[in-house]
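**Student:** Following the hints, complete the assembly by docking chain B with the ligand onto the known chain A.
From first to last, the protein sequence lines stand for chains A and B. For the first sequence, the residue numbers in numbering that gives the first Met the number 0 are 0 to 753. For the second sequence, the residue numbers in numbering that gives the first Met the number 0 are 0 to 214.
Source of the hints: derived by calculation from the structure; they are not laboratory data. One thing to keep in mind: the hints can contain errors.
[What the hints assert, rightly or not] To be clear about the criterion: a stretch of chain B counts as covered by chain A if any three or more of its residues have a C-beta under 8 Å from a C-beta of chain A, and this derived list gives those stretches: (1) 22–28; (2) 74–82; (3) 118–130; (4) 155–166; (5) 172–181.
[Stated by the list, open to error] Calculated pairs, DSSO-like style, for lysine-lysine (alpha carbon to alpha carbon, straight line, at most 27 Å): (6) A:K26 <-> B:K170; (7) B:K214 <-> A:K648; (8) A:K124 <-> A:K137.
Don't be surprised by glycine CBs; every beta carbon is placed ideally from N, CA and C.
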Amino acid sequence: MKIDRRSFLSLGIGVTAGTTLSPLPWKLTDDLSIWTQMWPWTPVPKDGEVSYVHSVCTLCPGGCGISVRKVADRAVKIEGMDGYPGNDGSACPLGLSGLQLLYGPTAIQSPLKRVGERGAGKWQKISWEAAIAEVAEKIGRLREDGKAHTLGCITDSDCGTVPELFKRFLTAFGSPNFMRTPSCADTYEMTLKLMHGTDASPGFDVENANFVLSFGSGIIEGWGTPGRMFRAHSAWKDKKVKVVQAEPRLSNTAAKAGQWLPISPGTEGILALGLAHVIIKENLYDKNFVDNYSFGFEDWKDSTGKVCKGFKSVVTDRYTPGYVSGITGIDSGDIEALAREFAGASSPLAICGRGQGSVPGSIHEFMAVHALNALMGNLNRAGGVSAVQRADYITWPEPEPDRVAQNSLKNERADGAGSARYPYTKSLLTRLPAAINSAEESPIQALFVANANPCYTLPDTEQVREAFAKIPLIVSFAAHMNETAEMADIILPDLGHLERYEDVPTPFGMNTPMVGLARPVVSPRKGARHVGDALLLLAKQMGGSIAKAFPWTGYEDCLKKTMGKSWTGLTENGFVAKADYKPAGWDAAFATPSKKFQFMSEACGHEGKTGLGAVAAEGDPKAYPLVLIPYDSMRLSGGAVANTPFLTKTVADTVLTGKEAWAEVNPKTGGKLGLAEGVHATLTTPKGSVRVRVHFSNGMMPGMIAMPRGLGHTAPDAYLAGKGINLNALVGPVADPTSGLDAAWGIRANLVIA
Amino acid sequence: MSALEEKTKEVSEGGGFTMLFFIIGLVVSLIFGWVVFPELLYSQKKQPFDFNHALHSELVDEGCESCHFFREDGSYAGVPQLAQCVGCHEDVQGETEDEAIFVNEYVKTGQEVPWLVYSRQPDCVFFSHVAHVKTAGMDCQTCHGDIGQSTSLKVYEENRITGYSRDIWGKNIAGFKTHTWDRMKMDDCSECHVNLGVKQASVQTGKGACFVCHK
Ligand code: SF4
Numbered sequence: 000m001k002i003d004r005r006s007f008l009s010l011g012i013g014v015t016a017g018t019t020l021s022p023l024p025w026k027l028t029d030d031l032s033i034w035t036q037m038w039p040w041t042p043v044p045k046d047g048e049v050s051y052v053h054s055v056c057t058l059c060p061g062g063c064g065i066s067v068r069k070v071a072d073r074a075v076k077i078e079g080m081d082g083y084p085g086n087d088g089s090a091c092p093l094g095l096s097g098l099q100l101l102y103g104p105t106a107i108q109s110p111l112k113r114v115g116e117r118g119a120g121k122w123q124k125i126s127w128e129a130a131i132a133e134v135a136e137k138i139g140r141l142r143e144d145g146k147a148h149t150l151g152c153i154t155d156s157d158c159g160t161v162p163e164l165f166k167r168f169l170t171a172f173g174s175p176n177f178m179r180t181p182s183c184a185d186t187y188e189m190t191l192k193l194m195h196g197t198d199a200s201p202g203f204d205v206e207n208a209n210f211v212l213s214f215g216s217g218i219i220e221g222w223g224t225p226g227r228m229f230r231a232h233s234a235w236k237d238k239k240v241k242v243v244q245a246e247p248r249l250s251n252t253a254a255k256a257g258q259w260l261p262i263s264p265g266t267e268g269i270l271a272l273g274l275a276h277v278i279i280k281e282n283l284y285d286k287n288f289v290d291n292y293s294f295g296f297e298d299w300k301d302s303t304g305k306v307c308k309g310f311k312s313v314v315t316d317r318y319t320p321g322y323v324s325g326i327t328g329i330d331s332g333d334i335e336a337l338a339r340e341f342a343g344a345s346s347p348l349a350i351c352g353r354g355q356g357s358v359p360g361s362i363h364e365f366m367a368v369h370a371l372n373a374l375m376g377n378l379n380r381a382g383g384v385s386a387v388q389r390a391d392y393i394t395w396p397e398p399e400p401d402r403v404a405q406n407s408l409k410n411e412r413a414d415g416a417g418s419a420r421y422p423y424t425k426s427l428l429t430r431l432p433a434a435i436n437s438a439e440e441s442p443i444q445a446l447f448v449a450n451a452n453p454c455y456t457l458p459d460t461e462q463v464r465e466a467f468a469k470i471p472l473i474v475s476f477a478a479h480m481n482e483t484a485e486m487a488d489i490i491l492p493d494l495g496h497l498e499r500y501e502d503v504p505t506p507f508g509m510n511t512p513m514v515g516l517a518r519p520v521v522s523p524r525k526g527a528r529h530v531g532d533a534l535l536l537l538a539k540q541m542g543g544s545i546a547k548a549f550p551w552t553g554y555e556d557c558l559k560k561t562m563g564k565s566w567t568g569l570t571e572n573g574f575v576a577k578a579d580y581k582p583a584g585w586d587a588a589f590a591t592p593s594k595k596f597q598f599m600s601e602a603c604g605h606e607g608k609t610g611l612g613a614v615a616a617e618g619d620p621k622a623y624p625l626v627l628i629p630y631d632s633m634r635l636s637g638g639a640v641a642n643t644p645f646l647t648k649t650v651a652d653t654v655l656t657g658k659e660a661w662a663e664v665n666p667k668t669g670g671k672l673g674l675a676e677g678v679h680a681t682l683t684t685p686k687g688s689v690r691v692r693v694h695f696s697n698g699m700m701p702g703m704i705a706m707p708r709g710l711g712h713t714a715p716d717a718y719l720a721g722k723g724i725n726l727n728a729l730v731g732p733v734a735d736p737t738s739g740l741d742a743a744w745g746i747r748a749n750l751v752i753a
Numbered sequence: 000m001s002a003l004e005e006k007t008k009e010v011s012e013g014g015g016f017t018m019l020f021f022i023i024g025l026v027v028s029l030i031f032g033w034v035v036f037p038e039l040l041y042s043q044k045k046q047p048f049d050f051n052h053a054l055h056s057e058l059v060d061e062g063c064e065s066c067h068f069f070r071e072d073g074s075y076a077g078v079p080q081l082a083q084c085v086g087c088h089e090d091v092q093g094e095t096e097d098e099a100i101f102v103n104e105y106v107k108t109g110q111e112v113p114w115l116v117y118s119r120q121p122d123c124v125f126f127s128h129v130a131h132v133k134t135a136g137m138d139c140q141t142c143h144g145d146i147g148q149s150t151s152l153k154v155y156e157e158n159r160i161t162g163y164s165r166d167i168w169g170k171n172i173a174g175f176k177t178h179t180w181d182r183m184k185m186d187d188c189s190e191c192h193v194n195l196g197v198k199q200a201s202v203q204t205g206k207g208a209c210f211v212c213h214k
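So here's chain A without its partners, still in its complex pose (with noise of 0.2 Å):
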């Protein structure tokens, strides 16, 4: 007997044979499949009771309801709330991704110091009495120096508790520099006070509008309220309403509209007027409401006497198809039966603010724009625009400056809003950094910043950031690390948008007065406190007429205090609106000297919208023969909260492959240039240069390069810095001449092969 290979070949195959008539195979594979499903290192929440939390979202100015699932403390999921006004159950790809930034590494622990050079990221942990009282003695040595005009405040928003207790501080201290961020919201509400002459926000009856026209608005890509564009977009589909989307590029709005129509950019309100031109030659428009209600449509007399052209002179003498055909590049047939459609439809509403609104824009488009609307009378009534009065809930006795903060109040402010220049604009913050660097002591020697993020939404980013240098003192509220945070002396940390309570009142767009409760979701991190108790505890130490004007012992205590009897009803339903609200008639509605709706204004000059033309590009044509536009994604938050790494995973690879971003153009530009797709290229601006990746699209129109707000972030969040290019860099202001508000809608460029 001999053991040889045949043997263990035999031992092999009864090994086989055994195993597989045992269990063992079966079982393992088994056991493997259930374990690559639950890798044992993913995280999984813990076991606990569910609950959900009725809050609202604040990541950006949209104010969606949200739902957010919590199993024990552990939120796990944010869902938008069913019956919230608006949103009703949807929610953005930000906002469901929200608790990213809850769990996230950049929220901030504990009040900062900082101790490097500004901007250098380096950071002294302190405590919130010695932060408190260094932030004190600091602003209060310009009270003693007689400066306190001198301290300034840029919020996101000019309603609400939050900012009216910074309007409030600041009042107290004795400074009138408290600014908003900008966004198309100014001049929609500059273009309500000239033409309503109400100090009033507009609201969209999307719900019931039957025909659509917009002015290069992002309505599937953030504009408004999103949350509730994304359902009214959605319903129209259904009841086949048509969408018509003005705008140079083909945005998801303009592929999804039922037309599209690639106009010049910086020309829509020009299209506007030539489609009140078609109205008024066709007497489309609606007669009623424009001889009754209506004032500078025929010819007037201003104050001095003097003869006036009105509204549909200017407009007809002008603005003809043929006119308008060849300032926007839109044919003047599709002029004339656009114009027909709109005017044929019951319920036609006309919206500007291209993409997601976040630039102002030029007053005279907007006003054109709101004229079209005005023309059909479809203004305070169901499917058209209402002006939506300011909230009305705070009511807080006025706070009674001490003569220090009297004589101080008197100064004008530092941005030039509201001076003789501009003296409707309530905020002009792109012009503050070039009044800093001009001048050789920064009008501002104490900024104040909450709930924005100036160096890296504001338009020319550098100037920016050399105008925040010269600011002596930055005190940041972020709760999460941003590029204007890391150029902070002191960092006092917010709690974070899931930590909070704060009233929301009527987001953008909304055409019924409302407001939401953000509430606390989970309980908050440790080192950080409210925004509002920051400033109660600031008001406390500064003593004297500025503690005074805060009688509340802290936040939750002046909320619950100031919605009176609504607390219940916020905290039981998550809002509380005013169901049975309705806009004004048209007899009530106008607050104007003649009472009546104005489609001129002496605000504007006497030619009013219709003698300026479109707002130019930056630049010289000849050394740079493209222009960039920047464009709005809901793939990227472009505002003052940054991506979620999730939102950044969405992105497509020909918006941005690693760090490096791709700019778009048409094959036909990209041709004659003798670029091709993929190739690395040189963008320059005036502002700068950047190196990207050329993308042919055919949805751009030629001679233009589009590129996405909301990347290159330069704030230490490993997931988004350094990843593709702020577009902001790259653009300047242009302001408007009549509000002052920025209007560049892009910049002259150009893009040569690397």
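**Tutor:** Below, chain B with the ligand without anything else, positioned relative to chain A:
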């Protein structure tokens, strides 16, 4: 002998020997697969301390649901939390060592007891107790057996690969069962669903088959 005959002989001799090796291989691997493998696959873990279900169920009014209750919203509370026990166990009751451990190490320190749950399913499974107990009127035994009458907790056998309890696959390594509660695998759920003609579509997703439990 011719060369051919020699070859034949060798082959036939080798044939018996080959058979022996085959049988050795077969037997060893069968023993390994059936006896040794299960021993290796599961680690034996003890619960933090022992618990007497029988004793407790005599003292309560509503059977299992007295402690394993449904919350107001219909969700199932599962294993009791400390808060439910402290009412009676604020101080040590009786003289058992387990009671002392419970009160001193957990009740007094406010730390939840890290019970090892025999019926814990993977997180990719959606299971609603209320649908089974309240809507379908099933009793606890059908799935959990007689644990309610037990006087002590059995050893928890943890699958070293998956981390789940042996009770999911069942004590029988071949996967055979005699009682409905012997196993808690996917097939057992679907077997019952099919037998009872349960609607084969998810209420939430409206989709059938996998989506009933994997949402
Ligand atoms: S749209 Fe704005 S408010 Fe709404 S969920 Fe998104 S980030 Fe939040």
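**Student:** All hints are to be evaluated individually against the structure, with a verdict given for each.
**Tutor:** Comparing the hints with the structure gives:
no., hint, verdict
1, 22–28, "holds (count 7)"
2, 74–82, "holds (count 3)"
3, 118–130, "holds (count 3)"
4, 155–166, "holds (count 5)"
5, 172–181, "holds (count 3)"
6, A:K26 <-> B:K170, "holds, 12 Å"
7, B:K214 <-> A:K648, "holds, 23 Å"
8, A:K124 <-> A:K137, "holds, 19 Å"
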